[in-house]
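Enquirer: The listed protein sequences correspond, in order, to chains G and C. Under this note's numbering, the first residue of the first sequence carries the number 367, and numbering increases by one thereafter. Under this note's numbering, the first residue of the second sequence carries the number 21, and numbering increases by one thereafter.
For the record, the hints were derived by calculation from the structure and aren't laboratory data. Accuracy of the hints is not assured; some may be wrong.
[Stated by the list, open to error] Per the computed footprint, the stretches of chain G lying under chain C, defined by three or more beta-carbons under 8 Å from a beta-carbon of chain C, are:
| # | stretch |
| --- | --- |
| 1 | 407-420 |
| 2 | 440-452 |
| 3 | 459-473 |
| 4 | 525-531 |
| 5 | 642-649 |
| 6 | 657-669 |
| 7 | 672-682 |
A virtual CB, placed ideally from N, CA and C, is assigned to each residue, including glycine.
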Amino acid sequence: MALQRNTGVAALRALPAVLPAARTFASQAGWFGHVPEAPRDPILGVTEKYLADANPLKMNLGVGAYRDDSGQPVVLKSVREAERRVAGSHFMEYLPIGGHRQFCEDSAKLAYGEDAGVVHGKQVAMIQSLSGTGSCRLFAEFQGRWMKGSKIYIPSPTWSNHHNIWRDAQVEEVIYPYYNKETKGLDFERMCDTLSKAPAGSVVLLHACAHNPTGVDPTREQWQELSKLMLEKRLFPCMDMAYQGFATGDCERDAQAVRIFLNDGHRLALSQSFAKNMGLYGQRVGCFSIVCEGPAEAKAVESQMKALARPMYSNPPLHGALLVHQILSDPELKQQWYGEVKEMADRIISMRTLLRQNLEALGSPHRCAGRLAWVSPCCCVCTSATRSCCGRMDEPWAGPTGSWAGHKRPLRRRSPRPAAGISSGQGAAPHSRLRTCPTCAKPAHPGRCPVLAPCVFRGPCHPTRIPARSWQHITDQIGMFCFTGITPEQVDRLTGEYSIYLTRNGRISMAGVNSGNVGRLAEAMHKVTSS
Amino acid sequence: MASVGVAATLAEPQRAAPVRAVGAARRLAAARPPAASRLDGVEMAPPDPILGVSEAFKRDTSADKLNLGVGAYRTEELQPYVLKVVRKAEERMLAANENKEYLPIEGLASFRKATVELLLGADSPTIKEGRVACLQSLSGTGSLRIGAAFIAKFMPGAVAFISRPTWGNHKNIFADTGVEWREYSYFDPETIGLDFEGMIADLEAAPEGSVVVLHGCAHNPTGVDPTKEQWAKIADVIIAKNLVPFFDVAYQGFATGSLEEDAFAPRYFAERSIEFAVAQSYSKNLGLYAERVGAISWVLNDAGAADRVLSQMKRIARAVYSNPPVHGARIVSEVVGNEEMFEEWKGEMDMMAGRIKAVRQELYDALVKLEPNKDWSFVTKQIGMFSFTGMSPAQCDNMTNKHHIYMTRDGRLSLAGLSSSKCQYLAEAMIDSIDNH
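This is chain G alone, in the form it adopts within the complex (with noise of 0.2 Å):
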């Protein structure tokens, strides 16, 4: 497991030497005509792009802001009551350096518990942000100052302006597995390995739920674990918790994982954003704490938080504050608010559906989950010798029939691999798990039986390693974003021949999708993947 090396600092230090040429005043092109042109961002550069297209079919799936089924942005109506209550009630101050203190206490109740001990016990320094981004700039500057020499271990992949920040903040990184691209799921045994490896007093970047881009959260269990191992081997937590209530529609439960680590005993920060799960975006409200040993220590620690954030913009803005503060702490605009994430997230998640069985319906490969290889497009019958169906073949096949559109390639063979469920001791040979093919009514062969897909020869295979186009992950994953396996040049062609907009990780807003377009997203979406 190659641990990626961060050339972020390096590349600054690549930059030209610019002092003489800049200092050459003479030329036309003054101080700055060595400036070269930065490349878009690759999130927010989508959006730029969206809006330049004419095309009135035109999707946007790149940023992460919610939309309802109609495609149009929402203000929560909590918000707008909190707005109302709010207007022309205060005065335009200025905040302290750290902002709100009773926003803060209440996102820190949000995140942390209500009854947190560490709340109560005035163990946490926080700090008001500039929502997500602002909180992590923060850290990643007090990490650089006060935790010296140690470095960001970052998830692969992450959320590309992860690196801009640490980079900046001139904190090296280290890069950690964690989304498996086989399985679409997380890789855990690696993530742990590589975890495991890393110097005491090294900091961990964790997702705390709907990790973006991949939408692949750990399980309990799985949280847990890593909470141990992360005590034993020193290393400290920083959390990223930009939707909490987006990711099942409970704000407690998506907690879940700051509150594994914090029982545990962890001493962690936490990035938190009320960008989308209050949809206040553009107010840029967000709360950066520090689980301190005690009192003392977060009185020191939020000084520091402090200095940090005085010569970077002196105060956060006040907006935003109000009404989250306003949410948070009337119990029935709360209880409001929490009908109306539930919603959002259960949107997104009917989304999903559609877009899946939209998917499976277009013909894409229907795979079982099971141990097994592939199903015969012509009557879903289950082609493996172990007949160890889950059930799902029971569908009727509603796609094309005759040539295997998604396979003009025949698999690589791979030598055998006895699969536990298959009852013969005899010799792995391929052939004799040839089954009868039901339109010619003879062994199965590739080139005389179209209906059949060549890696059907290799028997029962480790599912792992069928590089099937399955669905199932759309489902599987969690929160706002979907992490397709489309490729970038796949992407580059759904932006380009259907003016669908998204990054070319292959991440998708779920968000962006709704009843009206996803016929015509999982169309474009088969298309690119399937020539």
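With chain G fixed as given, assemble chain C onto it according to the hints.
Expert: Showing chain C alone in chain G's frame:
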């Protein structure tokens, strides 16, 4: 990134130290945190010299207390003031049911347009030719920070020259972005005016490519501004020595009461084709302190460079806060975009600046009456929100401890926090502190 304060090394847990009990946190038997905290070495940071004053003021229970610390405008009744146009703008925004979507990284387009026009004039050729790169940012501080980070990245090795004295946060901003800062002479305590010769000499001695931080108007903390002729000379030196001005424009409208008049210096520099950066803030002139509204702009000689510079500033901002807050920007856009509201704003601006001029005069009169032999003319000569009294830290402490008057220890008084009725009290306290300490 240069660090301010003592850097802590990674604390290795001490085997011998006992595990500390921590509040009511429950722990599983098998899992225990390290014995000593890795954040043990984090020292208590000192309170901010300016914003810390307000915190101390709040704790004071005396009936006579007066907050002349932070530069935030107060009415005669010493209440914070939300401009009428701002309230109107907010009402409109509420009625329009606008959404709360992310702004683009560079901010609200209508805001940026209005802001650049406010600075350079609506008919400025610089704007028409697309030679201004403007990024909405977090008021003055945030704008300075993005500008400084840009300088650190694209003008590595450049030194930033800040006036002696200057707003306390300037040096922190440059320090935290890793830009070396030095001072140039500015304030002459003898004349309580501008040490123009010293300033010019220091600028002439600055290395080529240095950045020079200039206050656009109403210098903070001194209230001493160059005259128009002096600005011309400064521009001469900047051109001759290849220096890069960085204007801090936090008080446009507060110096003379006229938004146009107060923009003289940056407009003049633009006319002379000098390339410069400028940080603008709407905290004071629109009273939007809390909403963090401002912009960082580069005025350049080439439109292509302006586009590229903007793209790089966006990249920097993306890793600090992603995109700027929308609320304040919309207010500005409403006010400046509507002719009636813009006129109304100008009126309120005039009123605020006028009130400060009036209390300056009253304070002067009170001081002269109490001690006619001293020269108190600096009170009325100085411009903007502040009075730079020349008081020593000890004298300032006396003001606070004995008279419950809160100010910054560099001798700066914020006259925006002074009411007519308190002028006498202030004058007495000042004389007591100066004469007896």
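Enquirer: For every hint, state whether the structure bears it out.
Expert: How the hints compare with the structure:
1. 407-420: Result for this restraint: holds, n = 4.
2. 440-452: holds (count 6)
3. 459-473: holds (count 5)
4. 525-531: Coverage by chain C holds here, the residue count being 3 at a Cβ distance below 8 Å.
5. 642-649: Per the Cβ count (5), the hint holds.
6. 657-669: Holds, because 8 residues of the stretch 657-669 of chain G bring their Cβ atoms closer than 8 Å to Cβ atoms of chain C.
7. 672-682: Since three or more residues must qualify, the claim that chain C covers the stretch 672-682 of chain G holds, with 10 doing so at under 8 Å.
Violated hints for the displayed structure: none, as all numbered hints are satisfied.
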